[in-house]
Amino acid sequence: MAAMANFPGMAGKGGENPAVTHHAAGTSAPTKLHVSGLNFYYGAGHVLHDVGLEIPANRVTALIGPSGCGKSTFLRTLNRMYETVRDARAEGSVLLDGENVFEMDVVRLRRRVGMVFQRSNPFPKSIFDNVAYGLRVNGWMRKAELGDAVERSLRRAALWDEVKDQLHKSAYALSGGQQQRLCIARALAVEPEVLLLDEPCSALDPIATAKIEELLFGLKENCTLVIVTHNMQQAARVAEYTGFFLLGRLIEFNKTEIIFKRPRQKETEDYITGRFG
Amino acid sequence: MIWRKFVNAFMLSLTGLCTLVTVSVLFFVLGYLVFHGWRSLNWEFFTQLPKPVGETGGGMANAIVGTGKLLLLTIVIGVPIGFIGGVYLSEFGGKVFPFVIRYMTDLLNGVPSIVVGIFAFALVVMRTKQFSTLAGGIALSVMVIPITVRSTEQFLRAVPQSLREGALALGASKWKSIVTVVIPAGMRGILTGTILGVARVAGETAPLLFTAFSNRYWSPGFNQPTASLPVMVYTYAISPYEDWHRQAWAAGLVLLSMMLVANIAARLILSPKGAQNA
Numbered sequence: 001m002a003a004m005a006n007f008p009g010m011a012g013k014g015g016e017n018p019a020v021t022h023h024a025a026g027t028s029a030p031t032k033l034h035v036s037g038l039n040f041y042y043g044a045g046h047v048l049h050d051v052g053l054e055i056p057a058n059r060v061t062a063l064i065g066p067s068g069c070g071k072s073t074f075l076r077t078l079n080r081m082y083e084t085v086r087d088a089r090a091e092g093s094v095l096l097d098g099e100n101v102f103e104m105d106v107v108r109l110r111r112r113v114g115m116v117f118q119r120s121n122p123f124p125k126s127i128f129d130n131v132a133y134g135l136r137v138n139g140w141m142r143k144a145e146l147g148d149a150v151e152r153s154l155r156r157a158a159l160w161d162e163v164k165d166q167l168h169k170s171a172y173a174l175s176g177g178q179q180q181r182l183c184i185a186r187a188l189a190v191e192p193e194v195l196l197l198d199e200p201c202s203a204l205d206p207i208a209t210a211k212i213e214e215l216l217f218g219l220k221e222n223c224t225l226v227i228v229t230h231n232m233q234q235a236a237r238v239a240e241y242t243g244f245f246l247l248g249r250l251i252e253f254n255k256t257e258i259i260f261k262r263p264r265q266k267e268t269e270d271y272i273t274g275r276f277g
Numbered sequence: 001m002i003w004r005k006f007v008n009a010f011m012l013s014l015t016g017l018c019t020l021v022t023v024s025v026l027f028f029v030l031g032y033l034v035f036h037g038w039r040s041l042n043w044e045f046f047t048q049l050p051k052p053v054g055e056t057g058g059g060m061a062n063a064i065v066g067t068g069k070l071l072l073l074t075i076v077i078g079v080p081i082g083f084i085g086g087v088y089l090s091e092f093g094g095k096v097f098p099f100v101i102r103y104m105t106d107l108l109n110g111v112p113s114i115v116v117g118i119f120a121f122a123l124v125v126m127r128t129k130q131f132s133t134l135a136g137g138i139a140l141s142v143m144v145i146p147i148t149v150r151s152t153e154q155f156l157r158a159v160p161q162s163l164r165e166g167a168l169a170l171g172a173s174k175w176k177s178i179v180t181v182v183i184p185a186g187m188r189g190i191l192t193g194t195i196l197g198v199a200r201v202a203g204e205t206a207p208l209l210f211t212a213f214s215n216r217y218w219s220p221g222f223n224q225p226t227a228s229l230p231v232m233v234y235t236y237a238i239s240p241y242e243d244w245h246r247q248a249w250a251a252g253l254v255l256l257s258m259m260l261v262a263n264i265a266a267r268l269i270l271s272p273k274g275a276q277n278a
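Chains as they are written, first to last, in the numbering used here: chain L, 1 to 277; chain V, 1 to 278.
It is possible that part of the hints are untrue.
Said to hold, decoys possible - Quick list of in silico lysine-lysine cross-link-like pairs, DSS-like style, CA-CA up to 30 angstroms:
hint, chain 1, residue 1, chain 2, residue 2
1, L, K169, V, K95
2, V, K174, L, K169
3, V, K176, L, K164
4, L, K143, V, K95
5, V, K176, V, K95
6, L, K255, L, K211
7, V, K69, L, K143
Quick caveat, the hints were computed from the structure, so don't treat them as lab data.
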């Protein structure tokens, strides 16, 4: 009986067993980020409980769940962005290609794990300088190379054709959707291995959203993508894998179609079918 | 019903009246200064040294240059200290320490300017045994530091947190994100605050009385007493000579015009059209 309780298939109640690491059935891709036993606190508040999962390389992984369930916080532990908040603390392990991110130099980590935020946040600089920013702080200075890299990044973010004649205009002259794609281009310029997207489309109209979803497909070749979204259709459209968070616990993590068609947990099913959240 | 209407009308007129009084004081001062100063302003005023007592004419070229040099020292010594202190308050530090610093800066801001003069006197003049431009510049720097600290802090705090996070997420170190993103984003406001702060101390007289002192001749370098516009206004205005009164008005007008220009420049910088490519 005791042995049965430790069997991974039985420990489904939202990772109450700390040893549980969710991994999707039939995963062919190697693991890029291996998270285990992750607990997160804001001061005295316990925000994430024993989260464990394996994020496959060169795939899109979506994280869904109701507001306040901890999915954004989870995302922010992956590049240690939570450290800008006072009294925030993470325990457990997050391995990036086997290397513990909590022991890495944070600047090096963030160069490997890029991030796009909920609200587009272009710098008050020209379009060119925005995209070149990450390269410049990484010590890239040569003009010709910089120009090439900026063009390449803008093309990957499907923005090049719209801005190629106005690279030296202020980034604030762009529309909301263009600004968000600019932020994606800016993140891509440093060629991150992982790109974290925190509800990147929540402030955009459906057309701008469609453009961004479309470009995400093209990025998988060189990049592992993790996207937090409120929008379940979006998760279904863009992600191969989906994790469902509820009240600070990872309830279920699996291939997207399994999550949406045959969820194993009752909570997941309730959320998917709109019974709460 | 009628009573309510009456109170309403009364309070409305009262606020209007007070606004009118406030604005008219400003215009009265301006008008009076222009009226008296304008007649005395001529080319000589800007190019010549003061004439000895009894001779009419002459100008305050040395005082204009003196004020310029004092402000230069203020900008070189006081503004950077205040600016960097403001960056610290806004970007670094825990909870208690910045609170203490902020409180002390406000106290420093409230120190009477004559006390600041005594401080600079003890610090510089007593040691060098000489009134000097340097001593005056240090006194004005002490005056400008708290103003610059608070305005820098205020404008940096107004920079959205999302910009800081954006820079950090691209692998910028904290210091680099501050230098390349946060400060440029707040630069227009900081510049405006600094210009206004320098303009304010430009009119200070008390800190200069026993630091820069005064001088009826040119003051070469930085370690001799120098004339300055505010001190000249003070000296000339309390003198018994008609011609000196005339020149005091003119000096007052020049000083006021300098501040006005600085103010307008600051507003232009702050207006969105002033600096499109921030």
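Here is how each hint holds up against the structure:
no.	hint	result
1	L:K169 - V:K95	39 angstroms, violated
2	V:K174 - L:K169	27 angstroms, holds
3	V:K176 - L:K164	28 angstroms, holds
4	L:K143 - V:K95	43 angstroms, violated
5	V:K176 - V:K95	23 angstroms, holds
6	L:K255 - L:K211	24 angstroms, holds
7	V:K69 - L:K143	41 angstroms, violated
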